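All chains, full assembly: derive it from the sequences and hints.
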Amino acid sequence: MNTNLLGVLVTLALSVGLAIPLGRYLAKVYQGERVWTDFLNPLERLIYRLGGVNPGEEMGWQRFIRALLTINMLWFIFAFLLLFLQGVLPLNPDGNSSMTADLAFNTAISFVVNCNLQHYSGESGLTYLTQTGVIMFLQFVSAATGMAALAGVYKAMQEKQSNTIGNFYLYFIQSITRVLLPLSIVLAIVLVAAGTPMTFDGKINLTTLQGVQQSISQGPAAAMIAIKQLGTNGGGFLGVNSAHPLENPSFLSNILQTVSILLIPMAMVFALGYYLRRQRLAWVIFGVMSIGFLSFVVGTIRAETAGNPAITAMGIDQRLGSMEGKEIRLGAEASALWGIATTATSNGSVNAMHDSMTPFSGFLQMLDMMINALYGGVGVGLLNYYIFIIIAVFISGLMVGRTPELLGKKVEIREMKIATLITLLHPFLILVGTALSSYLVVNHPDMAWAVKPGNWLNNPGNHGFSEMLYEYTSASANNGSGFEGLGDNNFFWNFSSGIVLLLGRFLPIIGPVAIAGLLAQKQYIPESSGTLRVDTPTFGLMTFAVIFILAALSFIPALALGPLAEYFSMY
Amino acid sequence: MRPALVEAFKKLNPAVLYRNPVMFTVELGTAIMLFMTIYALLSGDSSQGSFGYNLLVFIVLFLTVLFANFAEAIAEARGKAQAESLRKTREDTPAKLVRNGQQEIVSSSVLKKGDVFICEAGDTIPMDGEIIEGLATIDESAITGESAPVIREAGGDKSSVTGGTKVLSDRIKVEVTTQPGESFLDKMIALVEGASRQKTPNEIALTVLLAGFTLIFIMVCVTLKPFGDYAGTPITVAAFVALFVCLIPTTIGGLLSAIGVAGMDRALRANVITKSGKAVETAGDIDVLLLDKTGTITIGNRKATRFYPAPGVDQNDFVEACVLSSLADDTPEGKSILELAGEQVVRKASITGAQLIKFTAETRTSGVVLSDQTDIRKGAQDAILRLVQKAGNTFPTETSQAVKDISNNGGTPLVVAKNGQVQGVIELQDIIKPGIRERFERLRRMGVKTVMVTGDNPLTAKYIAEKAGVDDFIAEAKPEDKLAYIRREQADGRLVAMMGDGTNDAPALAQADVGVAMNSGTQAAKEAGNMVDLDNDPTKLIEVIEIGKQLLITRGTLTTFSIANDVAKYFAIVPALFMASLPALQSLNIMGLNSPESAILSAVIFNAIIIPMLIPLALRGVAYRPIGAEALLRRNLLVYGVGGVVLPFIGIKLIDLLVAIWF
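First to last, the sequence lines map onto chains R and D.
Position 262 (the first sequence) corresponds to 261 in numbering that gives the first Met the number 0; numbering is contiguous.
Position 522 (the second sequence) corresponds to 521 in numbering that gives the first Met the number 0; numbering is contiguous.
For the record, the hints were derived by calculation from the structure and aren't laboratory data.
Keep in mind that the hints are not guaranteed to be accurate.
Unchecked claim - Subject to a maximum C-alpha distance of 30 Å in a straight line, what follows is the list of computed DSS-like cross-link-like pairs (lysine-lysine):
(1) R:Lys416 <-> D:Lys357
(2) R:Lys409 <-> D:Lys539
(3) D:Lys432 <-> D:Lys389
(4) R:Lys409 <-> D:Lys432
(5) R:Lys451 <-> D:Lys224
(6) D:Lys432 <-> D:Lys403
(7) R:Lys159 <-> D:Lys448
(8) R:Lys521 <-> D:Lys277
(9) D:Lys224 <-> R:Lys416
(10) R:Lys409 <-> D:Lys198
(11) D:Lys334 <-> D:Lys432
(12) R:Lys521 <-> D:Lys448
Please read these numbers as outputs of a predicted model, since none were measured by experiment.
The following block contains the structure:
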């Protein structure tokens with residue numbers, strides 16, 4: 000077996016192997032059981048006292064959501080102001096300028112919502128103050144927001160009838176102090192050892208071996224890269240993200256980063272099993288996600304290693320696979336795995352140019368984000384999956400002749416209304432956004448904007464369509480990666496994708512939390528042989544079908560005009 | 000058939016159809032196609048396809064709506080026919096109304112609640128009511144189909160009479176208990192009329208989901224316009240509308256209402272009148288079933304099987320005492336004692352001049368005081384014990400032992416005393432209905448726990464419970480015990496169903512999630528329950544549960560089928576949309592359909608004809624099998640999910656072969 004494929008297998012095995020114990024630990028943390036990190040108690044108490052929060056206070060789902068939204072809004076204002084004024088603030092050794100209002104709006108939202116869509120380049124667009132104080136800070140808190148929301152849902156899914164789902168602030172702070180911070184510290188140190196810079200010095204000016212003068216951007220990168228991957232954020236320190244040799248120096252660092260991308264999303268699934276003492280359920284969910292994920296990985300690796308027929312036609316050797324837009328130190332397989340791992344987990348980091356991947360890979364990456372629940376972002380991935388479970392439970396509950404119930408709680412009209420609304424949202428944002436931009440490109444190519452719609456697309460035809468579709472898919476899925484090749488730093492894209500980001504983030508958090516909160520208030524119905532069990536392979540299959548039919552049915556026409564048309568015309 | 004067709008056209012009225020969001024949007028699509036057809040005819044513009052093609056798409060869409068309406072209409076027609084035949088029996092029968100002490104003959108239709116009428120032998124009872132005076136034998140075969148006449152009398156639990164039944168003997172005075180138009184039957188008829196039918200919560204939740212799917216596909220189709228413009232692919236209006244109609248879940252949307260009506264109809268066919276559609280669905284969710292022992296689990300009543308005389312009492316004397324105490328006792332137990340004693344003994348015995356002592360809750364014994372002042376009583380051990388002790392006598396240990404043995408064997412001991420001295424004990428035994436064990440087994444596989452309710456002592460109850468195969472029992476049950484048991488189960492989150500007939504069952508019937516009152520029961524019981532069983536069949540609950548489950552299963556499976564169908568429709572329509580400008584997408588045309596027009600037509604035709612093809616299934620309901628939820632889900636997923644994916648590929652291809660002749 001070649002090293003590249005071995006690397007893929009090692010990455011996956013390591014991810015699962017670490018996710019299981021981490022899941023058990025997470026469940027203990029959220030249940031308030033004793034764990035080895037309890038020595039942090041005094042620190043947390045201090046934070047609660049400073050914040051005026053009583054961590055023991057139980058919240059109903061409405062209050063829980065209100066707390067979540069309020070604190071997120073404060074971060075947005077804080078981030079916007081700092082980005083807008085960064086040029087005149089300290090820690091700016093390279094003298095970078097402040098952001099325009101629309102770019103600051105887009106960037107602030109993008110990081111608050113854990114998306115990390117970047118319409119700027121880190122080297123010149125940010126200062127060290129905003130890199131650490133805004134970007135890195137938000138990468139921690141946005142990840143913790145998703146984890147805390149899911150912790151509330153864990154609690155709500157317990158058997159006993161309850162009007163409360165726990166304390167948002169408690170889950171939130173613990174997600175940071177007990178999980179994200181310790182893991183990030185370990186990963187950052189390893190990355191520094193692997194060669195990633197961690198400094199407040201400005202650019203290095205040097206003469207290369209070729210005798211050329213070059214100034215190389217650096218900064219406090221290692222710390223940020225750790226949380227960028229662990230928190231499924233993805234916003235790179237430098238413009239080309241993890242394709243940059245300083246962000247991701249070697250094959251080994253690439254494996255570590257890929258593992259850290261998958262780690263917490265996987266662990267959150269196992270944590271559900273430990274929390275509810277329903278490990279079979281966790282394994283069924285994990286199984287469904289993994290079957291989807293692995294088939295995407297296999298598809299992408301095959302497409303990328305097979306090479307690009309157009310390049311083969313030029314007489315170029317493609318034994319290493321389709322290497323356009325990829326790093327030679329990482330190789331086609333690791334780049335393919337990365338592409339699927341990041342689009343699956345709403346982690347927008349890239350180690351290769353998605354725009355240059357073969358159309359079939361582009362198709363799978365987009366489909367991955369359209370589903371957005373194959374592991375998914377930290378916390379939010381499982382929340383998205385929860386909605387699919389609700390719909391699967393509803394249809395299969397009817398099929399076995401009972402009012403549908405999930406873990407002993409009846410799924411009724413209100414829950415279905417919310418679930419349906421959330422299901423609608425993702426196609427709505429993606430399709431309407433893409434339709435609007437397509438309309439502008441076709442009918443108003445000469446609009447007097449900084450970048451005219453006619454000049455948005457680097458590529459004509461189907462590929463150009465994919466670029467727009469990818470942008471909105473990435474925004475709605477809160478992924479953050481770009482297909483690139485799209486002129487996106489201008490008012491239209493900054494503003495429209497900003498709105499998509501906001502809606503695509505908070506409604507899919509509010510929905511599942513509300514459903515879980517409503518279900519928690521209902522009386523528990525003990526299981527009987529007539530009860531639909533959700534921890535069986537049959538139900539897993541049902542969920543799988545619901546996920547694929549919903550994603551495929553809503554997006555196939557769009558995908559047909561983008562990557563599929565391109566694929567069929569190339570092969 | 001014809002009235003249903005007429006109804007199907009009437010239901011095209013958008014003001015009616017809007018209640019069904021899926022079919023309403025199809026109707027809108029049909030209207031657009033009508034406009035396009037006229038446009039193609041008048042303008043001669045063929046950029047939107049030929050006139051013939053547009054016309055055909057219009058006709059097929061129109062038929063789609065019509066088929067859906069027809070499905071609902073035919074389900075309603077069946078239900079109404081069933082209900083009408085019941086109602087007819089009670090319409091316009093002359094009633095002997097008592098007004099100010101005067102008797103006058105009026106039509107039953109003018110009777111109001113609170114009116115009092117008289118019925119004599121040969122009269123048909125004009126209206127539901129309660130006997131306030133008298134006793135009569137009544138032929139209820141018009142309602143129940145049971146030919147044996149029943150006795151109804153004022154007071155007690157057998158006082159209610161049903162309109163349409165016939166008085167065979169005697170004379171009764173009856174008070175009307177319902178307002179015209181509000182009888183159970185009227186309520187039932189409302190349930191099978193689509194327009195006035197209230198949707199059940201499950202149905203509303205499903206409608207929400209289906210409306211959601213419809214909205215998604217509206218977005219898919221609307222956004223396809225700018226996408227197509229970008230790709231330089233003109234898409235015809237017919238193609239848009241066809242894509243939309245094919246993708247939205249028209250199969251389940253079209254049949255949803257019919258399924259609901261047919262469910263009520265099945266309940267009615269089982270001679271169960273439900274007061275709401277929700278009750279039938281709730282029946283499908285039942286976890287615990289409370290059943291009275293007598294009549295449900297055992298045949299009728301206990302029968303005397305053996306006499307055990309006390310020590311020192313002659314067998315013949317004892318039997319004679321038993322017979323004397325039972326001669327005037329017309330309870331089934333009493334009669335069975337005479338049967339066991341034999342005709343010769345009975346004929347010899349005489350109770351002329353004797354004073355009868357009826358069973359009262361206070362003494363809990365019954366018997367007779369003969370003309371020579373001999374006092375013969377029979378009753379449960381503790382009741383007789385008290386009597387014996389009062390007389391200063393002792394209870395023989397041998398008899399106590401016999402009592403215990405009888406109880407252990409599931410029998411009921413009935414101790415007989417003469418002048419305060421124990422004479423012996425009669426053994427009464429229950430006879431368990433054949434086949435009941437299998438029914439309980441079936442219920443267990445459905446996930447329903449069965450609970451036997453009996454007045455017997457715990458020992459007897461346990462014995463019978465084991466023999467009949469019920470999961471639990473309530474012994475020495477008083478009406479409050481039933482209520483308490485139901486409350487306890489409900490507190491644990493279980494749904495409970497029970498059947499009852501007496502006034503003292505009313506609180507429990509009201510408390511139960513599904514309470515089925517027997518038609519022979521009191522008005523109070525019938526008011527308290529949410530269903531009335533016209534057959535007075537205590538095992539009817541099992542059928543009702545299955546009807547409820549069937550209703551939900553039919554909805555679930557057809558939803559799955561409908562959505563699974565979309566996969567094939569995509570493969571038909573998506574390549575057809577872009578075939579002209581993106582020939583590469585021809586690779587998606589895996590069915591090898593002839594042309595874009597034929598592909599689109601085949602898809603909409605398949606979409607339309609699948610509705611009438613599934614009407615029989617919707618009316619009959621998908622069969623319920625008590626094989627456990629997991630196996631049932633696997634089975635239904637395979638048949639309706641996988642089947643739903645595969646079938647349209649075949650169907651659309653076949654239709655295309657035909658359509659390809661023209662397009």
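Worksheet item: Between Lys451 (chain R) and Lys224 (chain D), is the straight-line Cα distance small enough, at 30 Å or below?
Response: With a Cα-Cα distance of about 22 Å, the restraint between Lys451 (chain R) and Lys224 (chain D) holds, given a limit of 30 Å.
Discussion item. Checking one constraint from the list: CA of Lys521 (chain R) to CA of Lys277 (chain D), max 30 Å. Satisfied?
Written reply: holds (19 Å)
Discussion item. For a C-alpha distance cap of 30 Å, please report whether Lys409 (chain R) and Lys198 (chain D) respect it.
Written reply: Satisfied, since the Cα-Cα distance of roughly 18 Å is no more than 30 Å.
Discussion item. Does Lys448 (chain D) sit within 30 Å of Lys521 (chain R), going by the straight-line distance between their CA atoms?
Written reply: Status holds; Cα separation ~22 Å.
Practice prompt. Assess, step by step, whether the Cα of Lys334 (chain D) is no farther than 30 Å from the Cα of Lys432 (chain D), and give holds or violated.
Written response: holds (20 Å)
Item to complete: Given the hint that Lys432 (chain D) pairs with Lys389 (chain D), test it: the Cα-Cα distance must not exceed 30 Å.
Response: violated (41 Å)
Practice prompt. Measure nothing beyond the straight line between the CA atoms of Lys159 (chain R) and Lys448 (chain D); if it is 30 Å or shorter, mark the hint as holding.
Written response: Satisfied, since the Cα-Cα distance of roughly 22 Å is no more than 30 Å.
Discussion item. Tell me if the straight-line CA distance from Lys409 (chain R) to Lys432 (chain D) falls inside 30 Å.
Written reply: violated (36 Å)
Discussion item. Hinted pair, alpha-carbon criterion (30 Å max): Lys409 (chain R), Lys539 (chain D). Please report holds or violated.
Written reply: Holds, at about 26 Å.
Practice prompt. With a cut-off of 30 Å on the C-alpha distance, tell me whether Lys416 (chain R) and Lys357 (chain D) pass.
Written response: The given pair, whose Cα atoms are some 62 Å apart, is violated under the 30 Å limit.
Worksheet entry | Hint consistency between Lys224 (chain D) and Lys416 (chain R) [alpha-carbon to alpha-carbon, up to 30 Å] | Within the cut-off at roughly 28 Å; holds.
Worksheet item: Are the Cα positions of Lys432 (chain D) and Lys403 (chain D) separated by 30 Å at most?
Response: holds (25 Å)
When the structure is compared with the earlier hints, violations turn up for hints 1, 3 and 4 and for no others.
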